[in-house]
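Asks: Letter by letter, the chains look like this.
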Amino acid sequence: MSRVGAWLWLVVVAATAIYLAVRVADGITLDSNILALLPHAERDAAAQSIQDRIADSFSRRVVFLVGDASPAKAASAAQALGNALIQSGTVTAITSKLDPDAQRKMGSAYFPYRMGLLSDADRAHLLADNGQALVSRALSMLYGPGGFADGKLLARDPFLLMPAYFLSLPVPQSKFSFEDGVLSLKENHLTYVLVSVDLAGNPYATKFQAAFVSAVEKTVASLKAQTPDLTVLRTGAIFYAHEGTEAATNETSLIGVASLLAILALIFFVFRGLHPILLGFVAIGTGVLCAFTGTLFVFGQVHAVALLLGVSLIGISVDYSLQYFCEYFDETAPGPQARIKRVFPAIAIGLSATLIGYFTLLLAPFPGLRQVAVVSMLGLAASFLTVVLWYPVLDTNRGPVRDVRILRFAAFHWKLWEAPALRVARYSIVAGCLVCAVGGTFLLKVDDDVRHMQSLSTPLRSQEREIERLTGSSAGTQFILVRATNEQGLLQSEEKLMPLLVRAKQDGALDGFTAMSQFVPSISRQKENRTLIQNKLVTPHLAAYLQQIGYTQALNYTPPKTFLKPADLPRVGPLSLLSLLDMSSQGQAAHVVMLQNVKNAAAIEALAEKVPGTRLVDLADDWSRLFGEYRRYAIAVPVLSALLMCPLFCWRYGWRRGLRVLLPPLAAIALTPPIAALAGVAFTFFNAMALILVLSVGVDYSVFCSETSGARKPVTTLGIALAALCTILSFGMLALSSVFAVHAFGVTMLIGIFLAFLFAPAAGSGAVRA
Amino acid sequence: MKARRRFLWSLIFGIAGMSSFPFAASAGDIATQTLAVGQVLRGHFMQERKLAGFANPLKSSGSFVLVPGTGLIWRGEKPFANTTVISSDGILQIANNQVSLRLPASRLPGLSHLYVTLGAAVSGNIKPLQQTFSVTQQSGGAQWKIVLKPLHPENAAMSQIKSLVLAGGKFVDSVEIDKGGGDVDQITFLDQHAGNADLTADEKSLFQALHK
Numbered sequence: 001m002s003r004v005g006a007w008l009w010l011v012v013v014a015a016t017a018i019y020l021a022v023r024v025a026d027g028i029t030l031d032s033n034i035l036a037l038l039p040h041a042e043r044d045a046a047a048q049s050i051q052d053r054i055a056d057s058f059s060r061r062v063v064f065l066v067g068d069a070s071p072a073k074a075a076s077a078a079q080a081l082g083n084a085l086i087q088s089g090t091v092t093a094i095t096s097k098l099d100p101d102a103q104r105k106m107g108s109a110y111f112p113y114r115m116g117l118l119s120d121a122d123r124a125h126l127l128a129d130n131g132q133a134l135v136s137r138a139l140s141m142l143y144g145p146g147g148f149a150d151g152k153l154l155a156r157d158p159f160l161l162m163p164a165y166f167l168s169l170p171v172p173q174s175k176f177s178f179e180d181g182v183l184s185l186k187e188n189h190l191t192y193v194l195v196s197v198d199l200a201g202n203p204y205a206t207k208f209q210a211a212f213v214s215a216v217e218k219t220v221a222s223l224k225a226q227t228p229d230l231t232v233l234r235t236g237a238i239f240y241a242h243e244g245t246e247a248a249t250n251e252t253s254l255i256g257v258a259s260l261l262a263i264l265a266l267i268f269f270v271f272r273g274l275h276p277i278l279l280g281f282v283a284i285g286t287g288v289l290c291a292f293t294g295t296l297f298v299f300g301q302v303h304a305v306a307l308l309l310g311v312s313l314i315g316i317s318v319d320y321s322l323q324y325f326c327e328y329f330d331e332t333a334p335g336p337q338a339r340i341k342r343v344f345p346a347i348a349i350g351l352s353a354t355l356i357g358y359f360t361l362l363l364a365p366f367p368g369l370r371q372v373a374v375v376s377m378l379g380l381a382a383s384f385l386t387v388v389l390w391y392p393v394l395d396t397n398r399g400p401v402r403d404v405r406i407l408r409f410a411a412f413h414w415k416l417w418e419a420p421a422l423r424v425a426r427y428s429i430v431a432g433c434l435v436c437a438v439g440g441t442f443l444l445k446v447d448d449d450v451r452h453m454q455s456l457s458t459p460l461r462s463q464e465r466e467i468e469r470l471t472g473s474s475a476g477t478q479f480i481l482v483r484a485t486n487e488q489g490l491l492q493s494e495e496k497l498m499p500l501l502v503r504a505k506q507d508g509a510l511d512g513f514t515a516m517s518q519f520v521p522s523i524s525r526q527k528e529n530r531t532l533i534q535n536k537l538v539t540p541h542l543a544a545y546l547q548q549i550g551y552t553q554a555l556n557y558t559p560p561k562t563f564l565k566p567a568d569l570p571r572v573g574p575l576s577l578l579s580l581l582d583m584s585s586q587g588q589a590a591h592v593v594m595l596q597n598v599k600n601a602a603a604i605e606a607l608a609e610k611v612p613g614t615r616l617v618d619l620a621d622d623w624s625r626l627f628g629e630y631r632r633y634a635i636a637v638p639v640l641s642a643l644l645m646c647p648l649f650c651w652r653y654g655w656r657r658g659l660r661v662l663l664p665p666l667a668a669i670a671l672t673p674p675i676a677a678l679a680g681v682a683f684t685f686f687n688a689m690a691l692i693l694v695l696s697v698g699v700d701y702s703v704f705c706s707e708t709s710g711a712r713k714p715v716t717t718l719g720i721a722l723a724a725l726c727t728i729l730s731f732g733m734l735a736l737s738s739v740f741a742v743h744a745f746g747v748t749m750l751i752g753i754f755l756a757f758l759f760a761p762a763a764g765s766g767a768v769r770a
Numbered sequence: 001m002k003a004r005r006r007f008l009w010s011l012i013f014g015i016a017g018m019s020s021f022p023f024a025a026s027a028g029d030i031a032t033q034t035l036a037v038g039q040v041l042r043g044h045f046m047q048e049r050k051l052a053g054f055a056n057p058l059k060s061s062g063s064f065v066l067v068p069g070t071g072l073i074w075r076g077e078k079p080f081a082n083t084t085v086i087s088s089d090g091i092l093q094i095a096n097n098q099v100s101l102r103l104p105a106s107r108l109p110g111l112s113h114l115y116v117t118l119g120a121a122v123s124g125n126i127k128p129l130q131q132t133f134s135v136t137q138q139s140g141g142a143q144w145k146i147v148l149k150p151l152h153p154e155n156a157a158m159s160q161i162k163s164l165v166l167a168g169g170k171f172v173d174s175v176e177i178d179k180g181g182g183d184v185d186q187i188t189f190l191d192q193h194a195g196n197a198d199l200t201a202d203e204k205s206l207f208q209a210l211h212k
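Note that the protein sequences, when read in sequence, are chains F and C.
Using the working numbering, the first residue of the first sequence is number 1, and each one after it goes up by one.
Using the working numbering, the first residue of the second sequence is number 1, and each one after it goes up by one.
Hint data in this document are derived by calculation from the structure and do not stem from the laboratory.
For every residue, glycine included, the Cβ atom is placed at its ideal position computed from N, Cα and C.
Just to be clear, a hint being listed does not mean it is correct.
To be verified - Pair by pair, the computed Cβ-Cβ distance ranges are:
{"#": "1", "chain 1": "F", "residue 1": "Asn556", "chain 2": "C", "residue 2": "Gln137", "range": "40 to 46 angstroms"}
{"#": "2", "chain 1": "F", "residue 1": "Lys505", "chain 2": "C", "residue 2": "Gly69", "range": "39 to 45 angstroms"}
{"#": "3", "chain 1": "F", "residue 1": "Asn130", "chain 2": "C", "residue 2": "Thr188", "range": "33 to 39 angstroms"}
{"#": "4", "chain 1": "F", "residue 1": "Lys505", "chain 2": "C", "residue 2": "Asp198", "range": "35 to 41 angstroms"}
{"#": "5", "chain 1": "C", "residue 1": "Gln39", "chain 2": "F", "residue 2": "Asp129", "range": "42 to 48 angstroms"}
{"#": "6", "chain 1": "F", "residue 1": "Lys505", "chain 2": "C", "residue 2": "Phe80", "range": "51 to 57 angstroms"}
{"#": "7", "chain 1": "C", "residue 1": "Phe80", "chain 2": "F", "residue 2": "Gln534", "range": "30 to 36 angstroms"}
{"#": "8", "chain 1": "C", "residue 1": "Gln137", "chain 2": "F", "residue 2": "Gly151", "range": "31 to 37 angstroms"}
With the sequences and hints as input, model every part of the structure.
Replies: In structure tokens, the structure reads:
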């Protein structure tokens, strides 16, 4: 409280400001992926890394449909869009662009191995010893309209097995057809051309988002200027993430500014002066400055949600200022030094308890929550230091405020919990809260579904649905993970899986699937096929067939000694999706089987269990399970915090009163979820996290009430009333946020803080500290 | 090896050969429409396919039904029974009462482009063909002959075709497709008649089978 302390603190704050300025000049990355707030599951590290890679490749894919009545205009607009995006440097590959050489490259990769490649139907014919069916097909192809075979092809592939195998390859996006080198589909006189791109950067990095989205907007605007009727549909994680960041950033400034203004207006109204406003601003400002900068320093970047919470800290750190300013109403403390001495014990104990509460967040295995914890702890500590060290210096000798009306109002809050005459009112309030809570218990719903947690923008969502409808495929999060000791083992497992999936598709359990083994049979399958072709086709039918068509030249169809392996296939054209299917990493062979529109997950799960090494994985379900686990963990955190605070309170107040200080905030966190349920709010991980803050803030109020006595009681309740009002103002606005997590957090804070404030005087009622 | 490309493109140009016959209906004015929408053209064909490496041409004969706006049914009767159905949905081949080949339009690049050309040609519009081919009329009068040559032979889609020669009177009577390297298809059409006759149930079911 000395001048030295004030100067030292000034040096620290100045250094912090300089550091922040340097970081801002370098550019700050604001992370907006809600999943980044969560830890990576340790359970199955290999499966997790595969899932991460799949999630990553999903999130990097962006799909546009460029539609126009004129196919030519649609195609040229699509091409212009693709070129512009490539030029912007935000996109690495355009998969929809047809490599003119793709077919040739595919052909030359497959052709040497043709005598071991059989489509499912051809294989079934040969297994049934029906080689004649293949002969008939070859004859139809030779004699039919538009003969495709020439002598050269016939010499090397007499039964034309290669074209048949080619046609059996699964090609995604079956509603599309290749027209003039682009993938397009037609509906209602509109031709839609597909532009599918892979992002060059992290779709969750704000800078990259801005660069990509502005490149898209600019290009689309100029295309629409040329072709006014052009329709451009888009979907991709980056658009959602960008909107999320935009919303979070806009909300941050809106909520920040609005809550700051509301708080300042409140202070002005109560204290009738500008001085507390300026001092309050200094405490809030240093708190936010230190919290933001410290978090940047520790984590290297700040998550959007953590930033939102950080800005909302204004509502909490102002508690200390308010305790100080409310001393203006105490005539027995005429000067700044006396005032700070009066409030120091209360705010020091309050800070300690709050730091303990936030400390437990640091123990949580969530990277994002650690950020929130660091933001909160730093911000509070900095504001505390500002109040304690700077206020006595900056606060010029002002006389006490003598407005008894406000004090009388505040005094009523205390009386509510103390006056014998108000016993009925007191019990009615408690009973009312209990009835609400009991009623709400029946409505209390736990929701861990991650799909509900990323609030999706409606226009983007409807564009995504339109694209799903037009293309007939959706970006599913479900797939079968196949693991084995080596690649051939994977292909063999998939070959066991295929007939089961075919049946499941016929039964309507899913719309389709894509597996590596559909593009490359295992070596053992290729050996089998070669034998089948030799024994069931060549030996019994070749001579007669050649005689029938009058072919007299020498044949050359002997298969090579080697077999086709996945690595032999070029990743071009339709084969470019093979790199999505191969998830092998060092020492770990793994493939995924992509599933389209799974309608009966249980059936797929059951069939995967029949083949060793395969299992159904659902990215969204996995995340939801994680959210569930950590929600349960988050409920344990307040209990742990309370236990950790116990020694502090018992040391300060003794056993019984120490526990009594904890009672109001504990009651608040117990009653909040069921009461929120009455308002239709489901209980999620984020609500659980808010309860931790309710406990910490609520403990502050209890401590303030516990540290006060006699005539100072109204001064204290005025302080916590203002504090609760400020907190509710800032967090009440969070409930308006469109970011699901922030909204859930805000609603819980709104109810919880009000209850904690309401019950707070019960912690100190009637008790006089020795 | 360009097995697949050859396969697809030659299929298309086989059809392209077919598609050209209804438009060139009357001598002197190949853009005159004789086949109205709703009319069906029926007839017989004889196809002689000369292929390098074969001692003799592959000869086949049978009947066809052309339905403007719907598609084509090509029934080979000799040397063996097989049916090919072509529409905007794709291509279907049936041999021995079994589907031996099903090629949906999505697997067949250019099919719908072909349909635009074909549809336009049926209604007497030669322009779409002129975008792809140079059209030379070699004789006029009651019997006419035109030669189509790809405008852009370097185009992959055109690499399969050297020239198309169409000849006829009221209808197209013959088509010759030169695929280069000695591979030539010669198709002669006989007994052609256009009428309003409805498709038989069998023919309808063939288009239906392809639509599925």
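Asks: Taking the hints in turn, state whether each one holds.
Replies: These are the hints, each one checked on the structure:
1. F:Asn556 / C:Gln137: 40 to 46 angstroms: For Asn556 (chain F) and Gln137 (chain C) the Cβ distance comes to about 44 angstroms; the hint holds.
2. F:Lys505 / C:Gly69: 39 to 45 angstroms: Given range 39 to 45 angstroms: violated, Cβ gap about 33 angstroms.
3. F:Asn130 / C:Thr188: 33 to 39 angstroms: holds (35 angstroms)
4. F:Lys505 / C:Asp198: 35 to 41 angstroms: Check passed, 37 angstroms falls within 35 to 41 angstroms.
5. C:Gln39 / F:Asp129: 42 to 48 angstroms: For Asp129 (chain F) against Gln39 (chain C), whose Cβ atoms are near 47 angstroms apart, the range 42 to 48 angstroms holds.
6. F:Lys505 / C:Phe80: 51 to 57 angstroms: Given a distance of about 34 angstroms, which is not inside 51 to 57 angstroms, the answer is violated.
7. C:Phe80 / F:Gln534: 30 to 36 angstroms: violated (25 angstroms)
8. C:Gln137 / F:Gly151: 31 to 37 angstroms: holds (33 angstroms)
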